[in-house]
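Same order as they appear, the protein sequences are chains A and B.
In this text, residue positions in the first sequence follow the working numbering: the first is 1, and each later residue adds one.
In this text, residue positions in the second sequence follow the working numbering: the first is 1, and each later residue adds one.
To be clear, the hints were calculated from the coordinates, so they are not data collected in a lab.
Misleading hints may appear alongside valid ones.
[Said to hold, decoys possible] Examples of chain A residues lying across from chain B (beta carbon under 7 Å, computed):
{"no.": "1", "residue": "Y187"}
{"no.": "2", "residue": "A196"}
{"no.": "3", "residue": "E269"}
{"no.": "4", "residue": "L275"}
{"no.": "5", "residue": "S316"}
{"no.": "6", "residue": "S348"}
{"no.": "7", "residue": "D376"}
[Claimed, not checked] Distance condition first, Cα-Cα at most 25 Å in a straight line; then the derived SDA-like pairs of lysine to any residue:
{"no.": "8", "chain 1": "B", "residue 1": "K320", "chain 2": "B", "residue 2": "A357"}
{"no.": "9", "chain 1": "B", "residue 1": "K156", "chain 2": "A", "residue 2": "G123"}
{"no.": "10", "chain 1": "B", "residue 1": "K320", "chain 2": "B", "residue 2": "G33"}
{"no.": "11", "chain 1": "B", "residue 1": "K323", "chain 2": "B", "residue 2": "D389"}
{"no.": "12", "chain 1": "B", "residue 1": "K320", "chain 2": "B", "residue 2": "R300"}
{"no.": "13", "chain 1": "B", "residue 1": "K323", "chain 2": "B", "residue 2": "A263"}
{"no.": "14", "chain 1": "B", "residue 1": "K156", "chain 2": "A", "residue 2": "A215"}
{"no.": "15", "chain 1": "B", "residue 1": "K156", "chain 2": "A", "residue 2": "A132"}
{"no.": "16", "chain 1": "B", "residue 1": "K156", "chain 2": "B", "residue 2": "L83"}
{"no.": "17", "chain 1": "B", "residue 1": "K156", "chain 2": "A", "residue 2": "A396"}
{"no.": "18", "chain 1": "B", "residue 1": "K156", "chain 2": "A", "residue 2": "V211"}
{"no.": "19", "chain 1": "B", "residue 1": "K156", "chain 2": "A", "residue 2": "A99"}
{"no.": "20", "chain 1": "B", "residue 1": "K156", "chain 2": "A", "residue 2": "A240"}
{"no.": "21", "chain 1": "B", "residue 1": "K156", "chain 2": "A", "residue 2": "V173"}
{"no.": "22", "chain 1": "B", "residue 1": "K156", "chain 2": "A", "residue 2": "R118"}
{"no.": "23", "chain 1": "B", "residue 1": "K320", "chain 2": "B", "residue 2": "A407"}
{"no.": "24", "chain 1": "B", "residue 1": "K156", "chain 2": "A", "residue 2": "D89"}
{"no.": "25", "chain 1": "B", "residue 1": "K320", "chain 2": "B", "residue 2": "R103"}
{"no.": "26", "chain 1": "B", "residue 1": "K156", "chain 2": "A", "residue 2": "P268"}
{"no.": "27", "chain 1": "B", "residue 1": "K323", "chain 2": "B", "residue 2": "E63"}
{"no.": "28", "chain 1": "B", "residue 1": "K156", "chain 2": "A", "residue 2": "R59"}
These numbers were taken from a predicted model, which means no experiment stands behind them.
All residues carry an ideal CB built from backbone N, CA and C; glycine is no exception.
One letter stands for each residue in the lines below.
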Amino acid sequence: MSAPPGDHAAALAALASELGADAVREAGPGDLVDGVAPFAVVRPADAEQARRAVAIAARGRIALVASGRGRHLSIGAPPRHLGLLLRMDRVDRVVEHHAADMTVTVEAGCTLAALDERLRRAGQWLPLDPPAPAETTVGGLVAANLAGPLRASQGGVRDLLLGIETVSGEGVVVRGGGRVVKNVAGYDLPRLHVGALGSLGVVLAATFKTVPVPAREGAVEVEVASPREACDLALAMRDAFEPAWLELVAEDGGPATRVVFGCAGLPPEVACGLLLARAEADRPGHHAVEVEDAAARRAELAAFPLREAAAILRVSTLPDRTGLALESLARAARDCGVRAPLSAQVASGIARAAIPDAVAVAPVLRALRARREDPDAAVVVERASAGVKPRLVGDADPWGDPGESLSLVRGVKRALDPGGILSPGRLPGGV
Amino acid sequence: MATGVLARRLRALVGDDGVVDADDVLLVYECDGYTLERAAPELVVLPRTPAETSAVVRLLAEERIAFVPRGAGTGLSGGTLPLAAPVMVCTSRLREIESIDLRNRRLVAQAGVVNSWVTRAVQGDRLLYAPDPSSQTACTIGGNVAENSGGPHTLKYGVTVNHVLGVELVLPSGEVVRLGGAVEDRPGPDLVGFVVGSEGTLGITTRATLRLVRAPEAVRTLLAIFDSVDAASEAVSDVIASGIVPAALEMMDRLVLQAVEQAFSAGFPADAGAVLLVELDGPAAGLEEQAEAVSAVCRRNGSREIRVARDEAERALLWKARKRAFGAVGRLAPNYCTQDGVVPRSRLPEIVRAIAATAERHRLRIGNLLHAGDGNIHPVILFDERDADEVRRVIEAGHEILAACVALGGSLSGEHGIGVEKIGQMPLLFSPDDLLAMTRLKAVFDPEGRANPHKVVPDAKVCVEARTPRRQAAM
Ligand SMILES: Cc1cc2nc3c(=O)[nH]c(=O)nc-3n(C[C@H](O)[C@H](O)[C@H](O)COP(=O)(O)OP(=O)(O)OC[C@H]3O[C@@H](n4cnc5c(N)ncnc54)[C@H](O)[C@@H]3O)c2cc1C
Ligand SMILES: Cc1cc2nc3c(=O)[nH]c(=O)nc-3n(C[C@H](O)[C@H](O)[C@H](O)COP(=O)(O)OP(=O)(O)OC[C@H]3O[C@@H](n4cnc5c(N)ncnc54)[C@H](O)[C@@H]3O)c2cc1C
Numbered sequence: 001m002s003a004p005p006g007d008h009a010a011a012l013a014a015l016a017s018e019l020g021a022d023a024v025r026e027a028g029p030g031d032l033v034d035g036v037a038p039f040a041v042v043r044p045a046d047a048e049q050a051r052r053a054v055a056i057a058a059r060g061r062i063a064l065v066a067s068g069r070g071r072h073l074s075i076g077a078p079p080r081h082l083g084l085l086l087r088m089d090r091v092d093r094v095v096e097h098h099a100a101d102m103t104v105t106v107e108a109g110c111t112l113a114a115l116d117e118r119l120r121r122a123g124q125w126l127p128l129d130p131p132a133p134a135e136t137t138v139g140g141l142v143a144a145n146l147a148g149p150l151r152a153s154q155g156g157v158r159d160l161l162l163g164i165e166t167v168s169g170e171g172v173v174v175r176g177g178g179r180v181v182k183n184v185a186g187y188d189l190p191r192l193h194v195g196a197l198g199s200l201g202v203v204l205a206a207t208f209k210t211v212p213v214p215a216r217e218g219a220v221e222v223e224v225a226s227p228r229e230a231c232d233l234a235l236a237m238r239d240a241f242e243p244a245w246l247e248l249v250a251e252d253g254g255p256a257t258r259v260v261f262g263c264a265g266l267p268p269e270v271a272c273g274l275l276l277a278r279a280e281a282d283r284p285g286h287h288a289v290e291v292e293d294a295a296a297r298r299a300e301l302a303a304f305p306l307r308e309a310a311a312i313l314r315v316s317t318l319p320d321r322t323g324l325a326l327e328s329l330a331r332a333a334r335d336c337g338v339r340a341p342l343s344a345q346v347a348s349g350i351a352r353a354a355i356p357d358a359v360a361v362a363p364v365l366r367a368l369r370a371r372r373e374d375p376d377a378a379v380v381v382e383r384a385s386a387g388v389k390p391r392l393v394g395d396a397d398p399w400g401d402p403g404e405s406l407s408l409v410r411g412v413k414r415a416l417d418p419g420g421i422l423s424p425g426r427l428p429g430g431v
Numbered sequence: 001m002a003t004g005v006l007a008r009r010l011r012a013l014v015g016d017d018g019v020v021d022a023d024d025v026l027l028v029y030e031c032d033g034y035t036l037e038r039a040a041p042e043l044v045v046l047p048r049t050p051a052e053t054s055a056v057v058r059l060l061a062e063e064r065i066a067f068v069p070r071g072a073g074t075g076l077s078g079g080t081l082p083l084a085a086p087v088m089v090c091t092s093r094l095r096e097i098e099s100i101d102l103r104n105r106r107l108v109a110q111a112g113v114v115n116s117w118v119t120r121a122v123q124g125d126r127l128l129y130a131p132d133p134s135s136q137t138a139c140t141i142g143g144n145v146a147e148n149s150g151g152p153h154t155l156k157y158g159v160t161v162n163h164v165l166g167v168e169l170v171l172p173s174g175e176v177v178r179l180g181g182a183v184e185d186r187p188g189p190d191l192v193g194f195v196v197g198s199e200g201t202l203g204i205t206t207r208a209t210l211r212l213v214r215a216p217e218a219v220r221t222l223l224a225i226f227d228s229v230d231a232a233s234e235a236v237s238d239v240i241a242s243g244i245v246p247a248a249l250e251m252m253d254r255l256v257l258q259a260v261e262q263a264f265s266a267g268f269p270a271d272a273g274a275v276l277l278v279e280l281d282g283p284a285a286g287l288e289e290q291a292e293a294v295s296a297v298c299r300r301n302g303s304r305e306i307r308v309a310r311d312e313a314e315r316a317l318l319w320k321a322r323k324r325a326f327g328a329v330g331r332l333a334p335n336y337c338t339q340d341g342v343v344p345r346s347r348l349p350e351i352v353r354a355i356a357a358t359a360e361r362h363r364l365r366i367g368n369l370l371h372a373g374d375g376n377i378h379p380v381i382l383f384d385e386r387d388a389d390e391v392r393r394v395i396e397a398g399h400e401i402l403a404a405c406v407a408l409g410g411s412l413s414g415e416h417g418i419g420v421e422k423i424g425q426m427p428l429l430f431s432p433d434d435l436l437a438m439t440r441l442k443a444v445f446d447p448e449g450r451a452n453p454h455k456v457v458p459d460a461k462v463c464v465e466a467r468t469p470r471r472q473a474a475m
């Protein structure tokens, strides 16, 4: 499945003549994808140009990585080959927002902030809140399966995505799903692209379900002695009232950990939720306080994965084991001589640690994987700063065990990208 | 292999009572809820466990025999109709709920577990399994996963795929793969999402890890009565646009109302043009305001009366009437079939008018049951299968209605699946390139094409008419 380097000069000439000289430039030092240099950067002006660019790459057997604004490009393994970086940020129209149908079709390069601005005019939003919405594009959102605190109540990308338009590795436009909220016609291609890191197709446009912006958002926050206690308390608060989001955070690496409980809806709902959550949290020894600006606090918590760090490690586990996961992360970091800020999304079972020191990343990862305190958990490197990835090999591979679906994933990759030109090697198992 | 030999070898795997090969009993399996076409399999095999299921499929793989999976047979698109598949593998005996994790709100069910058993198992703990197809007391989790089934309450809670975290799949080779699981967000593409809704064409689901949700603290159920379907449809659009997301928003037109009233005496006004059944749920705080807002929207759109269910008994009666409406309408004629198109929700008034025009053109009686909040229509077409000309008109009318849905920006199916019924119309919705991608993806799971052949994706090179000696083709 590995593509040969291909004929660069011929591809450049074809790109310049078909897309116009201003859409293509030689790559510079700022265009690395996870430390791997492309030879050129293509910035198509519209979806049709993007399709042509992929078709040219397919013909020349040139590997390419699609990118929005380059904000989450370090997710996954480094590409095995790279010829072209396909910057989709000019393909950025909001194609149609059908407010009455509560759906929106938007091109891949549109940022979440721009989309949000548009949807809010009709009192709606796309309730996904990954970090850095102003620098995150729709294509990156789908490809990297990004989500934030709201996932606790609104689901992830897979729950809101209705339809998709992609270019396959053969340069052919392939569509799946549609623009209605309920649809079972044909195989579910849209979901296949969620989390695929652009390796099964370049996303041209996507259609999402939108929802009304809640009238009010509120939050309470409480600090307790340890991550595990925080996790137990968070679940007790959840059982008292269904939260909109539910986060744990230990900025200085614990053991003291804060539970932040958010709710959203009509004013009486929010008031009721905050009251019940506080009643649960106000136990001897600690005291819950109301957060002044809940939405701002949520955005701050959402930004955790982008904070200054050598790497962000992520553990996916069951909700009631997120406390345990945070403690394992903290201990592994401490054993390697670093203190790692911690955060968790309890309802979705996601725990994260920001490892501050580049040399500590691989040892922490190895220690966590070797100990296997939680056999169901998956430990991955969510992002890493320049220079760290080359150290992440063998049992410190960014993904870890690809699992028993690997041969199916390989087959799916071959079906949609037979030449292996799209983000080769970035998925688990080197797919 | 001769059928007799195969039956013997299968009996060795699943027990004597696990293989059906007597012609009269096989007739039970000649169709599912889609009765326009029938064909009995040569053999039905009913494994008792996931392990037996993979053993059966391994044997079929060795002998290169094609198979069709089946759950309870309530499907409405002919997904279980054997086409070039001699063996039917029925998972209805895989009936165990294997584990319940209340704290993490997960439940592992075998494929043959009936949908309503899941909620029953966790009800006492104030949890529920949200997808609630009207057939929920009969249909199985395996069938739900295969069809990505919905139900009235999926407007707020989402359909099956939103509640399935993992599946165990027996590939057509007999190999078992576990995709996803109790832990969310495993790295890589979402294969669970791809398998859900694949209509048994990728293999046999033996287990599923389901997500449970909290049972709502409070519920308000309203019945809004309108003089016309148009007015009711406008009200639906306005409710959705108002920013309120009801748990359910269902519509029934006059024909359906009359049938339901005859059958259940639920107190529906038989002279109304349409009713909306609206359910709001969630925390008690704020619910009353939402109910009032919905009532106001309905009144603004000409609702002549709004009734609120006063207690659980009244609510249950309304829902019983709605969930059994298909059956009630069915009593009006010797046969009925239903369509499952979807339109963007603001186009409901248009599609309802188009359906009325189609009914008139083909001299047919068509009632309308709609998951209106989702834009998912269920026109119920009445007919008599002994009248060949009428059958032909029924099929034509169905095609016209679906074509109208697609023309309005919608889809061929919201929850019942493509099966055999709508396969000929897939090109209305998808380009040859889209369909080719689907064909290739199917081959990843099923390279020999032995799992539920001739379903979902039309065979690229065979023209629709020539495919099989089916009734649709014969006309
Ligand atoms: C203050 C700050 C802090 C940062 N901290 C870090 C850090 O700690 N670690 C770090 O590694 N980086 C960090 N970065 C980001 C880093 O500098 C790069 O910007 C980043 O690696 C690129 O991410 P991206 O969002 O542009 O990726 P995107 O372009 O959004 O892509 C995300 C994924 O989606 C795919 N994709 C995107 N668009 C499409 C499409 N249309 N079709 C198909 N697939 C698509 C891509 O191939 C990629 O796999 C930081 C940046 C800033 C400004
Ligand atoms: C009165 C009535 C009301 C209905 N209401 C609704 C509704 O509200 N919403 C809705 O979505 N549907 C509804 N349906 C349709 C039907 O009940 C659903 O499609 C249901 O999910 C089918 O389940 P089943 O177990 O009966 O599957 P079957 O009919 O036996 O099979 C359906 C499809 O699933 C495949 N299949 C079955 N089991 C497996 C398995 N273990 N592994 C792989 N493939 C398998 C079959 O091959 C077939 O393609 C209704 C049907 C009736 C008769």
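- Message: Of the numbered hints stated earlier in the document, which are not met by this structure?
- Response: 4, 8, 11, 12, 15, 16, 17, 21, 23, 24, 25, 27, 28
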